[in-house]
Amino acid sequence: MDAALECVLRQADNALVLGHRLSEWCGVGPVLEEDIALANTALDLIGQAKLWLEYAAEVQGAGRTADDLAFRRDVYDFKNALLVELPNGDFGQTLLREFFFDAFHLPWLQALTASPDARVAEVAAKSAKEAAYHLERSAETVIALGDGTDESHARMAAALAYLWPYTGELMVDDAVDLGQDAMPLPSSIRPAWDTTVNAVLAEAMLTRPDSDFAHTGGRSGVRHTEHLGHMLAQMQFLPRAYPTATW
Amino acid sequence: MYAQMIKSEATQDDPEKLAAFQARIDRGEKIEPKDWMPEGYRKTLIRQIGQHAHSEIVGQLPEGNWITRAPSLERKVNLLAKVQDEAGHGLYLYCAAETLGVSRDALTEMLLDGRMKYSSIFNYPTLTWADMGAVGWLVDGAAIMNQVPLQRTSYGPYARAMVRICKEESFHQRQGYHLLLKMMAGTDDQKRMCQDALNRFWYPALMMFGPSDKDSVHSAQSMAWKIKMNTNDELRQKFVDETVPQAEYLGLTVPDDGLVWNDARGHYDFTQPDWSEFYNVLQGNGPCNAERMAARRKAWDDGAWVRDAMLAHGQKKAARRKAAE
Ligand SMILES: [Fe+2]
Ligand SMILES: [Fe+2]
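In the order they appear, the protein sequences are chains A and B.
According to my numbering, the residues represented by the first sequence are 1 to 247, in order.
According to my numbering, the residues represented by the second sequence are 248 to 572, in order.
No lab work stands behind these hints: they were computed from the structure.
Keep in mind it's a predicted model, so treat the numbers as computed, not measured.
Take these hints with a grain of salt, some might be off.
[What the hints assert, rightly or not] Here chain B is said to cover these stretches of chain A; the calculated rule only asks that three of the stretch's residues, wherever they fall, bring their Cβ under 8 Å from a Cβ of chain B: (1) 20-29; (2) 36-46; (3) 49-59; (4) 65-73; (5) 83-94; (6) 119-128; (7) 142-150.
Glycine is no exception: its CB is placed at the ideal position from the N, C-alpha and C atoms.
My request is simple: use the sequences and hints to build the entire structure.
Now the structure itself:
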């Protein structure tokens with residue numbers, strides 16, 4: 001696959017998969033305001049996914065639509081980081097995952113606004129406004145839950161231990177990143193991510209794990225987690241079961 | 248309706264005050280939270296607004312059931328936004344109820360321990376994607392019948408909540424209808440799903456208006472207080488009259504052999520729903536009562552540590568700020 005196309009799909013799939021995960025919370029949040037806020041973030045992300053997928057379909061030039069790309073690709077053609085496909089877990093785990101992603105997403109999108117590819121710059125600029133709000137909210141919530149009670153602290157510490165090995169992949173460069181020039185290298189975001197994450201974890205009374213081990217395989221599509229297939233089975237059910245129907 | 252079978256409370260207030268209160272309502276004045284009101288008026292409203300709020304929240308579940316299976320990006324966004332709107336409606340209504348001196352948490356506890364109800368309609372399952380159309384068209388449609396007149400209800404905060412809610416509900420109804428229109432222009436499978444959805448939701452939608460007025464003992468007081476604006480039968484008739492032509496336009500058959508236009512009345516004659524089914528659903532024997540309540544209880548229980556943590560963090564932060572001063 002063309003490196004430029006693959007890079008656009010990585011943006012699209014991060015947004016689509018995380019948006020889908022967050023949408024699973026709709027109607028069952030811990031408090032109404034959080035329910036509404038999670039749905040807002042999900043709506044932003046799915047909207048971003050649509051913009052990226054429309055562009056990917058154009059770049060691909062094979063006559064496919066954004067919906068075709070969302071609903072008719074199988075696991076190994078998805079290019080999202082593993083982090084975003086992980087199950088929601090409890091509310092704390094969902095918000096910590098969101099925070100780790102947002103802490104990457106905002107500076108990343110800001111960097112993309114300088115892309116020589118005008119379309120990339122345009123979608124990034126629109127998305128960055130939303131990402132800034134997402135980061136503000138997820139950071140605040142992580143701090144509140146880490147600091148809150150003994151129980152909430154313990155839950156956040158457990159979520160941190162689980163999620164940490166999945167954060168590194170967001171900022172590991174691979175051949176695809178190196179083979180195109182529309183987007184900067186993900187590793188260039190590392191300093192900004194570290195600064196944000198260190199500050200928020202400290203305020204949340206959480207200890208940053210020592211390990212820098214990173215699970216990879218999502219961005220390349222080479223080895224996703226088992227969770228993604230189940231998500232796609234649900235998400236793609238109708239277009240797959242009724243391939244000639246439009247909705 | 249979203250509030251069904253609301254008993255109005257007998258009231259034992261000073262007759263002079265009561266007469267003055269009634270006169271204000273008759274003049275079309277709005278009653279505001281700080282105004283004097285009969286205890287019965289307050290209690291009836293709490294029950295009605297609370298039930299309405301609970302219906303919005305429980306009502307998220309049958310549609311939430313399809314968010315992760317929406318068949319296109321646009322449909323996914325539309326449905327998620329719609330269900331999110333319902334959460335917002337719940338929030339406005341809990342706020343309106345709070346002005347009557349009952350907290351949101353207290354109302355939630357009453358829902359969860361069965362002291363308060365939510366609309367019977369949300370105890371029916373959503374089985375195919377066409378149900379997302381049918382729910383918008385029929386359920387939001389029936390809600391609008393009742394809620395449009397409630398924009399003129401005597402209690403100010405309730406009336407104002409209704410104004411905001413009605414705008415969104417009519418949008419939901421159109422969205423649901425268009426979803427069905429699209430499917431009815433599609434494949435045989437899609438058409439079959441639509442007809443099946445109408446077959447399952449028609450009578451439950453008619454039940455939303457509550458039992459016939461001749462069996463509704465509490466209507467008179469509520470109507471005098473203008474917290475109920477029309478009789479159940481009036482609203483049901485209006486709903487049938489408006490919905491039947493819409494079904495015809497879609498190319499769907501309303502599942503009622505007795506449905507016929509009555510020229511003399513200027514209305515459709517139609518078959519009443521099976522009221523024994525309605526009472527069964529109210530008593531907890533609907534197809535999804537147990538699951539809906541279990542889902543709400545689980546959400547509430549699973550969220551307890553989050554609510555506690557946020558409260559604790561808020562207090563710690565305030566204490567730290569104070570210590571730093
Ligand atoms: Fe609503
Ligand atoms: Fe609605």
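These are the hints, each one checked on the structure:
Check result for the stretch 20-29 of chain A against chain B: holds, 7 residues qualifying (beta carbon to beta carbon below 8 Å, three or more required). Only residues whose beta carbon comes within less than 8 Å of a beta carbon in chain B count, and the stretch 36-46 of chain A has 6; three or more means the coverage holds. Coverage of a stretch by a chain is defined here by at least three residues with a beta carbon nearer than 8 Å to that chain's beta carbons; for the stretch 49-59 of chain A and chain B the count is 3, and the condition holds. Note: the stretch 65-73 of chain A has 4 residues with beta-carbon separation from chain B under 8 Å; the three-residue rule is met and the coverage holds.
Coverage of the stretch 83-94 of chain A by chain B holds. Counting CB-CB distances below 8 Å, 3 residues qualify, and the rule asks for three or more. With a threshold of 8 Å between beta carbons, the proposed coverage of the stretch 119-128 of chain A by chain B is violated, since 0 of its residues qualify and at least three are required. Coverage of a stretch by a chain is defined here by at least three residues with a beta carbon nearer than 8 Å to that chain's beta carbons; for the stretch 142-150 of chain A and chain B the count is 6, and the condition holds.
Hint 6 from the earlier list is the only one contradicted by this structure; the remaining hints agree with it.
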